[in-house]
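**Student:** Spelled out from the first residue to the last, the chains are:
Protein chains: 2
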Amino acid sequence: GVNPDLASERQTASFSVEKLTAWLDGGAEQTRLRRAVVEAIERDPVFSRENQYFQSQNERYEAAVRKAVHLQKKMHEMGWSHEGPESKYIYRAVAGDIAFLLHRVFMRSISVLGSDEQIAKWIPLASQYQLIGSYAQTELGHGTYLQGLETTAVFDVATQEFILNTPKISAMKWWPGDMGRSATHTVVFAQLYVHGKCYGIHPFIVQIRSLQDHSLCPGIIAGDIGPKMNFEHIDNGYLMLQNVRVPRENMLNKFCEVQPDGTYVRRGSQKINYFTMTSVRISLISGEAVTPLMKACTIAIRYSAVRRQSQLKPGEQEAKILDYQTQQEKLLPQLAAAYAFHLIDDYLQELFDRGYREIQRKNFDTLPELHALSSGFKAMVTQYCTSGVEICLRACGGHGYSLLSGLPSLYTKIIASCIYEGENTILLLQTARFLVKSFMAASTGQSVPPSVTYLAAAKSRKCPAKNKSDFLSPAIYTEAYQHMAVRLISSTAAKLQDLIQSGVKKHDAWNRCTVQLAQAAKAHCHYITVKNFAETVEKLESKAGIQKIMKHLCDLFALHGIFSNTGVFLHDGYISGAQMDMVTASYLDLLAIIRKDAVPLVDAFDFTDKSLNSALGCYDGQVYQRLYEWARKSPTNKQISPAYEKYLKPLLHNTLSKL
Amino acid sequence: GVNPDLASERQTASFSVEKLTAWLDGGAEQTRLRRAVVEAIERDPVFSRENQYFQSQNERYEAAVRKAVHLQKKMHEMGWSHEGPESKYIYRAVAGDIAFLLHRVFMRSISVLGSDEQIAKWIPLASQYQLIGSYAQTELGHGTYLQGLETTAVFDVATQEFILNTPKISAMKWWPGDMGRSATHTVVFAQLYVHGKCYGIHPFIVQIRSLQDHSLCPGIIAGDIGPKMNFEHIDNGYLMLQNVRVPRENMLNKFCEVQPDGTYVRRGSQKINYFTMTSVRISLISGEAVTPLMKACTIAIRYSAVRRQSQLKPGEQEAKILDYQTQQEKLLPQLAAAYAFHLIDDYLQELFDRGYREIQRKNFDTLPELHALSSGFKAMVTQYCTSGVEICLRACGGHGYSLLSGLPSLYTKIIASCIYEGENTILLLQTARFLVKSFMAASTGQSVPPSVTYLAAAKSRKCPAKNKSDFLSPAIYTEAYQHMAVRLISSTAAKLQDLIQSGVKKHDAWNRCTVQLAQAAKAHCHYITVKNFAETVEKLESKAGIQKIMKHLCDLFALHGIFSNTGVFLHDGYISGAQMDMVTASYLDLLAIIRKDAVPLVDAFDFTDKSLNSALGCYDGQVYQRLYEWARKSPTNKQISPAYEKYLKPLLHNTLSKL
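Listed in order, the protein sequences are those of chains A and E. Residue numbers are given in full-length UniProt numbering: position 539 of the first sequence equals residue 539, and the series is strictly consecutive. Residue numbers are given in full-length UniProt numbering: position 643 of the second sequence equals residue 643, and the series is strictly consecutive.
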């Protein structure tokens, strides 16, 4: 049965959980579809994650390969396709714990960068798994700065081949997923040399393992890079190339080609490369950042409604920890952020789709804005969600620290999202470059992309709020965020100009402003997130049942942001000290209001117990029984440790001196 | 040889690294002693941590037991004792990776809570490891709130025994270290019942495993609680008691006793219990929080001097990432914090020693202050150091995420320090209670403990700084911190009073202020840390060689705190917006200054390569070679995975349909 402490939380929901779930999914039909996929996956024992927390890196890898292979069969059986509506739910259902994710990147890079002939040759082989692909870009000594890659590909006119080499240890490919133990092929990024001239980075398809017996091909040294903070199921690999020859046709040549005589031909726009990165950054926000935060909130909030600790009122039963203001202040802003970022993901997706339609018409005008937004939001959302998951973990005390809570693995995985697909600080600085440029353009009356037109608008100098309830007005707080973003962008742009005018070299001036530029980029994304949340809530008029609670969450998200960053709002007096006290009062009031719906709000995320894989987060709230049951299954309880015979027994039997 | 990029950093040190090391150690003689201990431990292969990152929980446990047993022999050989000057260096040298730490807590609890007879009986047995002890306080359903523990001990007059029981699953002992697989005895905390009356929590010595064959004793159910985020080497355990009988003499009875007829006698002061907690909290700051942060800084800063990425100046070699302002802003404040907290540890230690001398004279007056400071600093320092280690990890990009960097294990271990020995939020609220009380007393002219006399002093209303260099004056910034702490404490105390006067019940009013109370407690500790750092630097006059760089670090620590919390200084206009711009300018200037000495400043921590156990942090800076060498040793490269024959081969050989 359900723990009465959790059951009671559900009886007082101010809204229909089912309706909120359907809205989050984009309609009841989507909910139905998602549940069908999840059910089919979870019913199949091959996809079980029951023993995940007890497995070694080798065991995790084997299980992930097994699942990936089995998934092909399953999809065939179920009539699902990679392009079908089910596909986005499959990844959620397997909880990312599956191999061959880089195989898809391998295919995508060929589709985007390859010629029609190359696509016709390689994509069918890959689709039918007659090879397993990976994507070898990052090197031991080079990550984000692609121009610095050191792997070389020299064209040999005589044999019509490229000769690939790893000239030094820092040039070794390092980190590519699926490459350590699985892949037979990979796309290698290398500096192209023809007749002694370097043409920069180009992609080459290279076979690394035999299709017959999986042994390494001649000239290939490859293996697994060893243990990581998470991703034990993925065989991130290393690759060293020693005079490896591939035919001329293996350079992906949609945008440039080396002709048989060595003539280098460039064609088409290179800008499309941006678009691939943009697409990846936007696509990871939902699955790799928002979903884990939603799961962490579900686990921590359900547990906080069941865990009782200390007396709140003297003489009464120990209180649910969710009733403590400090616990609410830890968890409820994370819950509000999960909703805010779910909505910003919709916003970015729509922007992306619109941009994509334009690009298909050969109009590349939206690319700079899309690139800036995808970079900034990737950085801001992954950073926010990572610290949100950490807060949830710590809010569960000692039990949160047990792997069985599910929280440590959520954390150790999500933190990687701050690093991969562009390190967050570097991404924020790319956004900042766009913002400074747009601000300059706007100040001189030039037209700027829609998301930054606000930089040109005239601003009021003081926040008009008179009492704490004024701060529950989206107009008031959205305006405050806008003012703050404009101030940070304009003052940093001014500092940059001043430095340059005082004779500091441009690159040095830029470097000296980067701490503030990164802050300005975050402020911009924060503003857009608040504005988008408020606008979405406004459009919910037809759904009165959920509009009210969404309005509360929007208010909480906005006021939490002000409460946690008071300085940037107080700095120029836009918000006064007295007004900040009103913000604090409104913010703390909201915690008590949203606390009442906290459990229904996480129930609406609709995670199954299997997908949470948490002894603390189960729907029935029977946390202590489950912790005990799961702990007993641990391999540490399955055998008497050899430590007893070897060390403890001699010690206890007083043979210490003879050891 | 040493990587030239690291060697060049050392040639320009503005101070003597050796002298700074000696100062940190408390004198050159201490440095010599520490190095001798570290060398003796590291030379012994039993203490090797070489394979640590590749080991399973079972393997880690076995190694930790082996090391603990071997350490006894080693200490005997070397003539070291647990009370000797070497003892504090032994733990540092084994890097905490050792069993039987709870055995020491078992002994300490008997020494503190036991009668002379009990001490005479149990301590010799424990010292000679004729038993292995643990400490069973925390339960599945109860952590910090000891009064809520549910285990029972009923006195049976007929047999002169206590009958111990675990009445329900939430009463199961959960988490005690060394209990899952090693301990033969433990101190169980249980609610004492005599003749049906409950006398509250008392400690009982209970044998849980046979001294002959290590089997569980009758009525005992015990085992390992399974995998955790770290501490794989420790067998944290569970324990269920079913009518377990222990003789009357097994209740630790220094402060209270059950006489043969069931008469309950209380004697002596209970206050001393506070002192034990105080002692543990202060003792963990150095080893469990500051040392890991120092290690993380060493790894991240050395790596940042070796890692080159992107062009800073067009046309030049790629720049060391340590030359980027954003990287400096991540790492250097953590470095300054490591020094600040090393010094606050000295401060607390001295306060503690003084308090202990008083207590030995039966003067308990310093206890409330000591309790408040130890709680607040435990919370503040562990929180700060945990986020510092995370920043270091992320600042190393992808390679920081590899276990081989050493950073993930530092992080997953240090985060536990925010939870154990008192959850940080609860500890901050204990400090806040003391601060509010002291503030009230000070306002009405009563005397208050030395650390809080500042609450009564008259304050200036505006910061007198006129330009950015004024903010390099310790008087200016210490005053700002003091003002801010007073404001947060007094305004929260006022809010609390207002609520109570408006009719809100006391406990409810308190709960409604807790978010702000916790903030006020942090502000107090931050102020004391800055003040102590500044005073220590001032006293360094005789050591001119290191005074200058310590002054820079002190300035950086103080200004980073203002820069990161601008709101609390701007709120009442004590610092104006224009002055805050000066703070920012001074702060950013300092980064460039300290950057020049960054590597020497971490070298001064004097960690050996073995103690860092990091491919990125070695003294010679040969990071890429080491990553490659270590990765090849991974068990994932030691065997062909069965996944190939079972899943990959059938897939690649196009037998998908038959799977």
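Some clues are possibly wrong.
[Unchecked claim] Below are the BS3-like pairs computed for lysine-lysine, each with C-alpha atoms no more than 25 angstroms apart in a straight line: (1) A/K649 / E/K505; (2) E/K506 / A/K633; (3) A/K466 / A/K551; (4) E/K437 / A/K313; (5) A/K462 / E/K462; (6) E/K506 / A/K330; (7) A/K505 / E/K468; (8) A/K313 / E/K505; (9) A/K649 / A/K638; (10) E/K168 / A/K320; (11) A/K88 / A/K73; (12) E/K73 / A/K495; (13) A/K19 / A/K539.
[What the hints assert, rightly or not] Derived DEER-like restraints, expressed as beta-carbon distance ranges: (14) E/V157 / A/E316: 51 to 57 angstroms; (15) E/P368 / A/S8: 14 to 20 angstroms; (16) A/E316 / E/A36: 53 to 59 angstroms; (17) E/I500 / A/R10: 32 to 38 angstroms; (18) A/R35 / E/Q72: 57 to 63 angstroms; (19) E/C198 / A/S469: 46 to 52 angstroms; (20) A/P368 / E/S310: 16 to 22 angstroms; (21) E/E59 / A/G268: 52 to 58 angstroms.
Calculated directly from the structure, the hints in this document are not laboratory data. Note that the coordinates shown come from a computational prediction; the quantities given were computed from them, not determined experimentally. All C-beta atoms in this analysis are idealised placements derived from N, C-alpha and C, irrespective of residue type, glycine included.
**Student:** Next, verify each hint and record whether it holds.
**Tutor:** Against the structure, the hints:
In summary, the hint linking A/K649 to E/K505 is not supported, as the alpha carbons are separated by about 58 angstroms, beyond the 25 angstroms threshold. Taking the CA atoms of E/K506 and A/K633, the gap is about 46 angstroms. The hint is violated against a cut of 25 angstroms. The hinted pair formed by A/K466 and A/K551 meets the criterion: a straight-line CA distance of about 20 angstroms does not exceed 25 angstroms. For the proposed pair E/K437 and A/K313, the alpha carbon gap of about 21 angstroms is at most 25 angstroms, so the pair holds.
Under the criterion of a C-alpha separation no larger than 25 angstroms, the hint pairing A/K462 with E/K462 is consistent with the structure, at around 22 angstroms. With a C-alpha separation of about 23 angstroms, the suggested pair E/K506 and A/K330 falls inside the 25 angstroms cut-off, and the hint holds. In summary, the hint linking A/K505 to E/K468 is supported, as the alpha carbons are separated by about 23 angstroms, within the 25 angstroms threshold. Proposed proximity of A/K313 and E/K505 is supported: the alpha carbons are some 9 angstroms apart, at most 25 angstroms.
Note on A/K649 and A/K638: the hinted pairing holds, with a Cα-Cα distance of about 19 angstroms set against a maximum of 25 angstroms. A distance of roughly 19 angstroms separates the Cα atoms of E/K168 and A/K320; the hinted pair therefore holds under the 25 angstroms criterion. Between the alpha carbons of A/K88 and A/K73 the distance comes to roughly 17 angstroms, so the proposed pair stays at or under 25 angstroms and holds. Proximity of E/K73 to A/K495 is assessed by CA-CA distance (about 64 angstroms); at most 25 angstroms being required, the pair is judged violated.
The suggested pairing of A/K19 with A/K539 holds, with an alpha-carbon distance near 16 angstroms, which does not exceed 25 angstroms. The beta-carbon spacing between E/V157 and A/E316, approximately 34 angstroms, falls outside the hinted interval of 51 to 57 angstroms. Range check, E/P368 to A/S8: about 39 angstroms between beta-carbon atoms, so the 14 to 20 angstroms window is missed. In this structure the hint that A/E316 and E/A36 lie 53 to 59 angstroms apart at CB holds, the actual value being about 58 angstroms.
The hint said 32 to 38 angstroms for the Cβ distance between E/I500 and A/R10, and at roughly 34 angstroms that hint holds. Look at A/R35 against E/Q72: about 59 angstroms separates their beta carbons, and that is inside 57 to 63 angstroms. About 49 angstroms separates the C-beta atoms of E/C198 and A/S469, a value consistent with the hinted range of 46 to 52 angstroms. Checked against the given bound of 16 to 22 angstroms, the beta carbons of A/P368 and E/S310, roughly 20 angstroms apart, stay inside it.
At about 55 angstroms, the CB distance of E/E59 to A/G268 agrees with the hint of 52 to 58 angstroms.
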